[in-house]
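The hints should help you fit chain B onto chain A, whose structure is shown.
Next come the chains, spelled out residue by residue.
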Amino acid sequence: MLVSTKWLSEYVNTQGLDPKDLGEKITRAGIEVDAVIDRSHGMTNVVVGYVKEKVKHPEADKLNICQVDVGEETTQIICGAPNVEAGQKVIVARPGAVLPGGMKIKKAKLRGEESNGMICSLQELGIEGRLVSKAYADGIYVLPETAVPGESVLPLLGLDDVVLELGLTPNRSDALSMLGVAYEVGAILSEDMQYPEASYSESNEKASDYLNLKVEAMEENPMYIAKVVKNIQVKESPLWLQHRLMAAGVRPHNNVVDITNYVLMEYGQPLHAFDYDRLETKEIVVRLASEGEKIVTLDDQERTLKSNHLVITNGKEPIAIAGVMGGANSEVHNDTTTVVIESAYFASGSVRQTSKDHNLRSDASARFEKGVDPNRVILAAERAASLLAELAGGEVLAGSVMVDELDKTPAEVVVSPDFINNRLGMKISLEDMTSILTRLKFDYQAANGLLYIKAPTRRQDIKIEEDIIEEIARMYGYDEIPMTLPVEESKPGGLSSYQAKRRQVRAYLEGAGLYQAITYSLTSKEMSQKFALETAPVTELLMPMSEDRSILRQSLIPHLLEAVTYNTARQADTVALYEVGSVFLGETESGLPHEQEHLAAVISGKWLDHSWQGEKKAVDFFVLKGIVEGLMELLGLSKEVVFERTEVDGLHPGRTASIKLAGEEIGLIAQLHPSEQKTRDLKETYVLELNLAKVLNKEVEALYYAPVSKFPSISRDIALVVDSEKATGELQAIIHLSGGRLLKNVHLFDLYEGEKMEPGKKSVAFSLTYFDPERTLTDEEVVNAHNKVLKALAEKAGAELRG
Amino acid sequence: MEAQLQQLKEEVLQKIEASASVKELNDVRVAYLGKKGPITDLLKGMGKLPAEERPKMGALVNVVREEVTTVLEARMTLLQEQAINEQLEKESIDVTLPGRPIKTGNHHPLTRVVEEIEDLFISMGYEIAEGPEVEKDYYNFEALNLPKGHPARDMQDSFYISEDILLRTHTSPVQARTMEAKEGQPIKIICPGKVYRRDNDDATHSHQFTQIEGLVIGENIRMSDLKGTLSIFAKKMFGDDREIRLRPSFFPFTEPSVEMDISCFKCGGDGCNVCKKTGWIEILGAGMVHPNVLEMAGYDSKKLSGFAFGMGPERIAMLKYGVEDIRHFYTNDVRFLSQFHRTEV
Chain A
1 MLVSTKWLSE
11 YVNTQGLDPK
21 DLGEKITRAG
31 IEVDAVIDRS
41 HGMTNVVVGY
51 VKEKVKHPEA
61 DKLNICQVDV
71 GEETTQIICG
81 APNVEAGQKV
91 IVARPGAVLP
101 GGMKIKKAKL
111 RGEESNGMIC
121 SLQELGIEGR
131 LVSKAYADGI
141 YVLPETAVPG
151 ESVLPLLGLD
161 DVVLELGLTP
171 NRSDALSMLG
181 VAYEVGAILS
191 EDMQYPEASY
201 SESNEKASDY
211 LNLKVEAMEE
221 NPMYIAKVVK
231 NIQVKESPLW
241 LQHRLMAAGV
251 RPHNNVVDIT
261 NYVLMEYGQP
271 LHAFDYDRLE
281 TKEIVVRLAS
291 EGEKIVTLDD
301 QERTLKSNHL
311 VITNGKEPIA
321 IAGVMGGANS
331 EVHNDTTTVV
341 IESAYFASGS
351 VRQTSKDHNL
361 RSDASARFEK
371 GVDPNRVILA
381 AERAASLLAE
391 LAGGEVLAGS
401 VMVDELDKTP
411 AEVVVSPDFI
421 NNRLGMKISL
431 EDMTSILTRL
441 KFDYQAANGL
451 LYIKAPTRRQ
461 DIKIEEDIIE
471 EIARMYGYDE
481 IPMTLPVEES
491 KPGGLSSYQA
501 KRRQVRAYLE
511 GAGLYQAITY
521 SLTSKEMSQK
531 FALETAPVTE
541 LLMPMSEDRS
551 ILRQSLIPHL
561 LEAVTYNTAR
571 QADTVALYEV
581 GSVFLGETES
591 GLPHEQEHLA
601 AVISGKWLDH
611 SWQGEKKAVD
621 FFVLKGIVEG
631 LMELLGLSKE
641 VVFERTEVDG
651 LHPGRTASIK
661 LAGEEIGLIA
671 QLHPSEQKTR
681 DLKETYVLEL
691 NLAKVLNKEV
701 EALYYAPVSK
711 FPSISRDIAL
721 VVDSEKATGE
731 LQAIIHLSGG
741 RLLKNVHLFD
751 LYEGEKMEPG
761 KKSVAFSLTY
771 FDPERTLTDE
781 EVVNAHNKVL
791 KALAEKAGAE
801 LRG
Chain B
804 MEAQLQQLKE
814 EVLQKIEASA
824 SVKELNDVRV
834 AYLGKKGPIT
844 DLLKGMGKLP
854 AEERPKMGAL
864 VNVVREEVTT
874 VLEARMTLLQ
884 EQAINEQLEK
894 ESIDVTLPGR
904 PIKTGNHHPL
914 TRVVEEIEDL
924 FISMGYEIAE
934 GPEVEKDYYN
944 FEALNLPKGH
954 PARDMQDSFY
964 ISEDILLRTH
974 TSPVQARTME
984 AKEGQPIKII
994 CPGKVYRRDN
1004 DDATHSHQFT
1014 QIEGLVIGEN
1024 IRMSDLKGTL
1034 SIFAKKMFGD
1044 DREIRLRPSF
1054 FPFTEPSVEM
1064 DISCFKCGGD
1074 GCNVCKKTGW
1084 IEILGAGMVH
1094 PNVLEMAGYD
1104 SKKLSGFAFG
1114 MGPERIAMLK
1124 YGVEDIRHFY
1134 TNDVRFLSQF
1144 HRTEV
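Which chain is which? The protein sequence lines are A and B, in order.
Just so it is clear: in the first sequence, position 13 is 13 by our numbering, and no numbers are missing.
Each number in our numbering comes from the position in the second sequence (counting from 1) with 803 added on.
For reference, chain B alone in the conformation it holds in the complex:
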C-alpha cells in the first residue's frame, strides 16, 4: 500500500507539473485531492488495514497529501500570475493614439480683454455700468461738454437716427447717465460696450467697435490718483515691469486731458516695430472730469472732483496678441476665434 501511495504521489506531481492553465490544474486538484479522488479512496480503504498499521498509514497519507497540496498551490500561484500577465498583455493599447476630444468653445478675444479689465477694476472696488447703444445726443455729446456746433464733434462722425438720437460714438454717455442717476454721490465705475462711428471698415477702422471706460468721482480725487490707477492697470495688462508716461492731450469732457503711453512690452523701450521705434505705445486717453460735465450732472465741481479714462479693447487685443487687422474681430472665423482658448502666461 505504501508503494501504491508512492506511485500515486509521483503521478500527481507529474500531472501538476504538466498543467498549463489554472483550469487544468483545478482539474488535477479535483481528480486527485477531491472527495472522489484516489487519495481519499486510500484513506477510505484504510479500514481494511490492521489496526496497528492504521495510524502510521494515515500519517503517511496525510504527509503525501500535504506535500502534493503545497506543490499544487505553488503551481497555482504561478499559473494565475501567468494568466494575469497574458490578460494584461492582451489589453495593452497604443497610448500614443489621440484621446477623445472634449469640444469646448471660448470667449471672443474682445470679451477676454474686457473681462480681464473688468476683473482688475472690480478688485479695486469698481462696479460695472452699462447703457443703451442708441443714445440721445444729449448724453452722447451735450452732457459731456460737447454742445451743438462744437468743433470736436467733427472728430466723431456719427450715425444719426434723428436729429437728437444717434448710435453712441463712445461709452461716455454711460458716465453721464450714471452721474445723473447718482445725484451727487461718489462714483466708481467701469463702462464696457459697443460703440459706432461713421467709418469705412478697413484694417484699422471699424464702424462698430468696443470701448471700455472708467470713472471715479469723489472728494479730492487727484490727478496723481489717475496716474497711480493707470499704472496698476498697465502693469496688470502688459506686465509688471511696464512703465507709464502721460502726455497732455485734449478731450472736451476732461481737463486736464492726457494720453497714456506704456513702455513697449516687446522691446522694453529700446525701439522695435511694435512701438514704431519709439519705445512707447499709446494705450488710452484720460483726464480729470471737466467741471462743466460735473456741474451739468448736478455735482459741485468745487467740492468734488474725478477722473475718467477710456480705451479700445480692439487696440489692446491687437497689441497684446499681434492681431494686424481689426476686421478679424467681426468676421468670426473659427480659425481665429479658437486661438483664444488657452490661459495666459
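Extracted from the complex, chain A is given alone in its bound form:
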C-alpha cells in the first residue's frame, strides 16, 4: 500500500511531523513502513512553460524549435517529442535542474540551434511509465490551460509529496485504504479524523426505474448496491485526482474509472462502473457461472468460467467476474452517458478461488480476498456518486437498488484488565487502557472490572481477548514491556542420548579430517535411489519447480558426489566431506514416508600430503574403512561389526563392502566405479553410507572399567601361507574363536603376495597377544593356546606356517 502523506493529511492532522518520523511511528506501532519515497526527488527549476511557437528544426526532421514562455522570459527549447504543439502548457526543466534519473539540464546546441532546457514527459520526472495515462505514455505531458508559466510544476503534479510504502501483514487489511491508515495514524498521534463527504442532489428519476437487481448467490454475495448516474461526460480527471492515483500506484484512465479507483483507495471498497446502455437489459443478476461459460474481460482476454465462480450478468450473459475484473462488453467508453456504480460485498473465499483460477490479481480482488468493511459498502457507493456529480457533471438518480443480508454487527470482546496485564507482564492502568481504546475509536464500556469492547467492523482482525492485548500493548509501546524470565519449576535441559551421540559422531568425523556438508533433500528421479542402502517407493512432489528437484532422496551419496565434483573442478586436490541427513522411504501408516537419518561420507584425492618431507599418499578404501572402524569403536559397537564383500550398481565391484551390525546390514563402503569416476571427472573416490539411526539406537553395554593389570602380556607372531582369495577377516575370526580366553588381541602386521610366494598363495602375518589379568602366564599355557589357534587355522582355512 502506497500512502501519500499529503492525501493522508486530508483525513488526519500530521502537521509538523517529518514523514520519516511519521513512518517510524507507524512502524513501531505495528505496520511496517518499507520505504519513505520523496516524490520530488529533490528536483528544482522544473516549471510550467507555455509553448508560444513551434517550428521544424531545419537540420533534423524529428526535432522542433519551440519558443517557450517560462514566466520571467521566453526562451528557445528544442523538443523531440511527437506531441508538442504551440499553445500547450508544458513541463520545462530549466538549465540547472537535476532530474530523477540524474540528468543535469544545461544550455546546449542541438544541430546548431540553441536549446535552453528540456520539455519533459512524466517519466522524466520519475513517474513510472505504467502509471502514466495512455494519452501521454509516449510523449511530453500537457498541463491544463490554467497552469501559470514560471510556477513550479511540483505542487501542480502532486510531486511535492512523500509517499510511505506500507508492508502490510495479512491481518491488517484495514490499512488497504487511506481512511484505514488515517485511523491508525490518528490513534498513534491521538488526533481526530476528518471524514470524506458525499453530498449531491438527487434527480427526480429513481434508480429502481432504470435497473432491476437480483442476487442468486447470497452466500458468495450477501450485499450488493447499485447506483445509477446519468448525463455524465467522460473525460480526463482533474489533475489533483490523477496525481493522487499515481501516488497510490494507479494509472489514470478517465474520470469515471478514476473515481471508482479513487474511492477504492479512499475506502478500501472496490467499485465497478458499467456502461448502463451497454447492459442492454436494464437488469443485473448476480449468480454462479455455469461450467464452461465464457467472458472477455477488460484486458481483452477470453476467460472460461467454472461453476464456483461468481459472475455479474445482465440476466443473459456475464458482464463481470465478481470482485476480480469487469467484462469488455459493459466497459465505460468515451461516449458513455449513463453508468451503473456497483458496490458489493463479495465473500473472500469465493474471490480468492476465482482470482487464483484465472491467475488474475487486481486491487479489487486483493481487498475482497482479505475481507472489506461491511459498513463501507453503502458509504463508498455514495461517495462515488457524489464525485461523479462533481467531476463528471452527472445526475444521480434517486435511491439505489440493493440486496442486503450482510451481517454488520461488530465483534464483541470482553476482557479483564488483569488478564491483559498478566499476559503482558505489565501494570497498565485502566485509564491508560481506555484512553488507548478511545484513540483506536473502539466502542467500549468498563463495568464490573471488565472491559466490554465492540470492535469496529473495519478491524476484522479483532476477535478475541488476545487481539485486544495486542492493541493495548502496541499503542502503549512494546518498549515499555519489562524483561523477565519465566517463573517456573527449575528443570534441567539437555540433549537426548541420540542427539548427544550424533554430536559426538560429528566431532569424531571432523577430527578425522572430514568437513560437514549440507546438501539438498530434493533430487532427480535418476539420482533418488542411486547407491541407496535400501530402496522403497519414492516420495514425489506434486508440482516440482524442476526435474532436478522433484523427488526426495533415498541416498545421501549422489549430492555429496556432486559437491566433490564441484570442488575438484575448482582445483581442490583433496575433498573429504560428510553429511548427516534424512532419506525418505516408502510410506508409513500415517501416510508420511519413513524418514531415516543417515550418515554419508566421501573422500577423494590425497590423504597424506607433507609436501616438503616428500610424504604423499592417495586416499584408499582402508582410509575410509579405518574411519568407520574408529567410529564403531567410539560408539562401543566394534565387536559387532563385520565387513563383507558385496556388489552395488555404480560402485567398484571388487572394492565394495557391506557393513553389518550384529548381522544386520547397516551400511556400505566402496570405491566409486571407475566409469562413474570418469563421468564425474573424479580421481579415485571412496564413499560411505550408514543408517545412522540404527547405529545410534543400538543398545550398548554400560561403560565399565577393566582393572589395569600388573602382569605382563606375551606376544607371538605367526606368518601364514594361505590361498590368495582367502579373506583375512576370516582368518582373524578363526584366531579369535580358537584362541580361548587368554587371547586378548590379534593384530595383522604384514601381507605379502608376489615373487617369493608360490602362485595363488599369499603370506599373512599376525601378532597375537596373550594375557591373564590375574597372574603371569607360563610358557606352557601360551604354547597350548597358540597351538590350538594354529590347528584351527590349518583345519578351517588350510593355513600353513610360513617356513
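Hints listed in this document are in silico derivations from the structure and should not be mistaken for laboratory results.
Mixed in with the good hints, there may be bad ones.
What the hints assert, rightly or not - Heads up, simulated SDA-like pairs for lysine to any residue below, C-alpha to C-alpha not over 25 angstroms straight-line:
| no. | chain 1 | residue 1 | chain 2 | residue 2 |
| --- | --- | --- | --- | --- |
| 1 | B | K997 | A | Y520 |
| 2 | B | K906 | A | E589 |
| 3 | B | K985 | A | L592 |
| 4 | B | K997 | A | P544 |
| 5 | A | K744 | A | I718 |
| 6 | B | K997 | A | E589 |
| 7 | B | K1038 | A | M483 |
| 8 | A | K25 | B | K985 |
| 9 | B | K1079 | A | V36 |
Claimed, not checked - So, partial list: chain B residues that the calculated Cβ filter (under 10 angstroms) puts toward chain A:
| no. | residue |
| --- | --- |
| 10 | Q810 |
| 11 | T907 |
| 12 | M927 |
| 13 | E936 |
| 14 | R1001 |
| 15 | T1013 |
| 16 | M1026 |
| 17 | F1053 |
| 18 | P1055 |
| 19 | G1090 |
| 20 | P1094 |
| 21 | N1095 |
| 22 | Y1133 |
Glycine included, each C-beta is placed from N, C-alpha and C at the ideal position.
The following block gives chain B in isolation, referenced to the frame of chain A:
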C-alpha cells in the same frame, strides 16, 4: 727411576693435551694408566728396589698417577662437552619449516550457529525436539491456526506431496506435535531443522533452508518473559552490549506477534551498510502462542499460556559472518566450509 717417572709424566701429559676426542683420550688412559700401562709397570718394578726406598718411590708414583688422572679427567670433561656440542650442532633444524599438518574438518557454519543456539537454551532448561521433514498439512498449517483457505497460507508457497502431505514450510509443526504429545503438560523446547519453500534459488532465497524455533508453555507465561528471553539470546549471539526492540507483527500462530530487532552489532546503532542505516537489524519473529493453537492441542488457554519464537540460522550466519549469498551454504565449497574452523572471539 725418579727421572724415568718424571719423563713418563711429561710424556703422558703431552699425550693428554694432544688428544682431540674422547676416544683418543680413552686410548691414552688405557695406554698409560691401564693394567698394562707403564705406570703399573713401574709399580710392579718396585720390587727390585731396596726396601727403604720402596715407600718413598711408591708414594711418588701415586702422586704422579693422581696428578695425571686429574689432568686426564679435566681433559675428558672438556672433550665430552665438545662432543655434545658438536652433536647438537649437527642435529639443529630449521624451526621455521612448516609442521606436519593435522588435517581436521569442521562443522558446517549452519550447524555451528544451530548448536550455539541449542546450547544457550539448553543452559536455560530447554530440550531439543525434532520432527519429520515431510509433514501433514494438519501439523504444518491447521494446528497452527492456518485453516485451509487462510490468506496467510499465500505467504508460504509449499511443496505438496499430496493434498494432505507436504514438505514442512517451517519447524512449527514440531511444536504442534510436541504439544499434542505432552497432553497439557508444560513445555520448554527448541526445534531446529530443515524446511522447504517453493522459491527459486537466488542470493537471498533457497528452496531448502533451516529454521530454529523455541516454545515455552506453562502457567502464567508472560510477554515480558519472551522479551527477557530474547534479550539474553541477542546478547549471547551478538554481543553483551546488544539492545533489542520488539515491533508488532503478524503470525497466525501467535497473538500478539512481534518481530525482534537488535541494535546493529557493526555500528552499534549509528547506521551502516549492515543495518541499512537504520541502526537496527531484524533477527526473528515471535509472539504469545495463539489461544486457538493451545486449544487445538488440548491446552486450556485460560490457564496456560506460552511464547514462541523462530529464526533462520542462514540469516544469522549471513549477518554474523558477512556471508552475502545464501547459496554458499548448500554448494559445499571446501574453500567456504574450511573458513569456519576457528573459535570465536
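Hints versus structure:
1. K997/B with Y520/A: With Cα atoms ~10 angstroms apart, K997/B and Y520/A stay inside 25 angstroms; holds.
2. K906/B with E589/A: 45 angstroms, violated
3. K985/B with L592/A: Answer holds: K985/B to L592/A is near 22 angstroms, not above 25 angstroms.
4. K997/B with P544/A: 18 angstroms, holds
5. K744/A with I718/A: 15 angstroms, holds
6. K997/B with E589/A: 23 angstroms, holds
7. K1038/B with M483/A: 13 angstroms, holds
8. K25/A with K985/B: Not satisfied, since the Cα-Cα distance of roughly 41 angstroms exceeds 25 angstroms.
9. K1079/B with V36/A: Holds, at about 14 angstroms.
10. Q810: Violated - the Cβ of Q810/B stays beyond 10 angstroms from chain A, reaching only about 59 angstroms at its closest.
11. T907: Because about 5 angstroms separates T907/B from the closest Cβ in chain A, which is inside the 10 angstroms limit, the hint holds.
12. M927: 7 angstroms, holds
13. E936: For E936/B, the interface hint holds, since the closest Cβ of chain A sits about 6 angstroms away, which is under 10 angstroms.
14. R1001: 6 angstroms, holds
15. T1013: 8 angstroms, holds
16. M1026: 5 angstroms, holds
17. F1053: 3 angstroms, holds
18. P1055: Nearest chain A Cβ about 8 angstroms off; hint holds.
19. G1090: At 9 angstroms from the nearest chain A Cβ, G1090/B passes the 10 angstroms test, so the hint holds.
20. P1094: 6 angstroms, holds
21. N1095: 8 angstroms, holds
22. Y1133: Holds, because the Cβ-Cβ distance from Y1133/B to chain A comes to roughly 6 angstroms (cut-off 10 angstroms).
The structure fails hints 2, 8, 10 (numbered hints given earlier, in ascending order).
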